[in-house]
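There are 2 protein chains.
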Amino acid sequence: MKILEDRILKDGVVKAGNVLKVDSFLNHQMDIELFNEMGKEWKRLFAGENITKILTIEASGIGIAVIAAQYFNVPVVFAKKSQSLNLDGDLYTSKVESFTHGRVYDVVVSKKFLHEDDNVLIIDDFLANGNALVGLIDIAGQAGAKVAGIGIAVEKLFQGGGDMLRAKGYHIESLAMVESMSEDGLTFGKR
Amino acid sequence: MKILEDRILKDGVVKAGNVLKVDSFLNHQMDIELFNEMGKEWKRLFAGENITKILTIEASGIGIAVIAAQYFNVPVVFAKKSQSLNLDGDLYTSKVESFTHGRVYDVVVSKKFLHEDDNVLIIDDFLANGNALVGLIDIAGQAGAKVAGIGIAVEKLFQGGGDMLRAKGYHIESLAMVESMSEDGLTFGKR
Numbered sequence: 001m002k003i004l005e006d007r008i009l010k011d012g013v014v015k016a017g018n019v020l021k022v023d024s025f026l027n028h029q030m031d032i033e034l035f036n037e038m039g040k041e042w043k044r045l046f047a048g049e050n051i052t053k054i055l056t057i058e059a060s061g062i063g064i065a066v067i068a069a070q071y072f073n074v075p076v077v078f079a080k081k082s083q084s085l086n087l088d089g090d091l092y093t094s095k096v097e098s099f100t101h102g103r104v105y106d107v108v109v110s111k112k113f114l115h116e117d118d119n120v121l122i123i124d125d126f127l128a129n130g131n132a133l134v135g136l137i138d139i140a141g142q143a144g145a146k147v148a149g150i151g152i153a154v155e156k157l158f159q160g161g162g163d164m165l166r167a168k169g170y171h172i173e174s175l176a177m178v179e180s181m182s183e184d185g186l187t188f189g190k191r
Numbered sequence: 001m002k003i004l005e006d007r008i009l010k011d012g013v014v015k016a017g018n019v020l021k022v023d024s025f026l027n028h029q030m031d032i033e034l035f036n037e038m039g040k041e042w043k044r045l046f047a048g049e050n051i052t053k054i055l056t057i058e059a060s061g062i063g064i065a066v067i068a069a070q071y072f073n074v075p076v077v078f079a080k081k082s083q084s085l086n087l088d089g090d091l092y093t094s095k096v097e098s099f100t101h102g103r104v105y106d107v108v109v110s111k112k113f114l115h116e117d118d119n120v121l122i123i124d125d126f127l128a129n130g131n132a133l134v135g136l137i138d139i140a141g142q143a144g145a146k147v148a149g150i151g152i153a154v155e156k157l158f159q160g161g162g163d164m165l166r167a168k169g170y171h172i173e174s175l176a177m178v179e180s181m182s183e184d185g186l187t188f189g190k191r
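Here the protein sequences come in this chain order: A and B.
Each residue of the first sequence is one higher than the one before, counting from 1 in the numbering used here.
Each residue of the second sequence is one higher than the one before, counting from 1 in the numbering used here.
It is possible that some hints are incorrect.
Pairs involving identical chains hold if they fit within one copy or between any two copies, as the list cannot separate such chains.
[Stated by the list, open to error] Straight-line C-alpha distance at most 25 Å; calculated DSS-like pairs for lysine-lysine:
id : residue 1 : residue 2
1  : K40       : K21
2  : K81       : K146
3  : K95       : K112
4  : K15       : K112
5  : K190      : K2
6  : K40       : K10
7  : K81       : K95
8  : K10       : K111
9  : K111      : K21
10 : K95       : K190
11 : K168      : K146
12 : K2        : K40
13 : K112      : K21
14 : K10       : K112
15 : K43       : K95
16 : K112      : K168
17 : K2        : K43
18 : K15       : K111
19 : K190      : K40
20 : K146      : K111
21 : K111      : K190
22 : K95       : K111
Simulated from the structure, these hints should not be mistaken for lab results.
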């Protein structure tokens, strides 16, 4: 998606340790006009699917998922990263290792909000090694729900998570795919 | 706001310890049509203010803030609850004690995204003792920004945080104000 790639080239910053900072428009400050263009594009790309629910993960998936949901006319459920006093005990849980934070956390979704008749679109801001997505797919599977597609803002192709999941048959639509990056620059690729 | 009050009466669940669970439509599963009605209502209530930015706090403030931002045509910045590897060191920070989780955490916002010319609307899902809001107001103050208003989905009047902040002169618009609640039922009040 050209406007997202252009925005990454303009405002993204490459940091040591394969970190691409897009916090000025995607995951700390959020550009809602851009999010609407992304939501429309996912709707176009997943037009053939009868999505019943969008599943994302706190915190930076929520903004793009909620805007996208307006184009699919479905509710959003966000997975929480640890068990809170406000959640019932009746939960789907999965363990995820965070690339950014370097630790393992539990991902939880209440059993009330995912069912076997759900056709789920998973949305998240980044796809790197795919750990968070594997956790969300696991949770959808525990509910007996179908994962109809996965919409990603920025995929880092060189970290392999996207290709690992494509090989398993998942339909992934990443709006920007970073093929290589260094402090000298960044190139995009395709799949 | 009648449709939010009605929804709380229909789907909210009162739990021990003054916990009101609204996780089926507000802060775990999210009803985006309802969020749009809430966004429109905040726009009406803060129509006189020239808002430049919406400030919220992860995770459950993000969804309502992002939808509301469409009516104000401004970016959203969400405060993060602990320092992550993805954030620069150049941060505004404040300490907040969580009612729900029973612990103290740091709230951080990058200095890049709040400035002294900002006229900020703070949005959050709950207002109880007001601790999270005090932290966000503190951060806006560190940036030299003006807090033009505070938009809340559900205020628990009996916990006093809203009245404490109104007494300091803040313009708070809570779309549902719970006056009392128990497992037998719930009543709404006004301010």
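Hints violated by the structure (numbers, ascending): As far as the earlier hints go, 10, 15, 16, 21 are violated by this structure, in ascending order.
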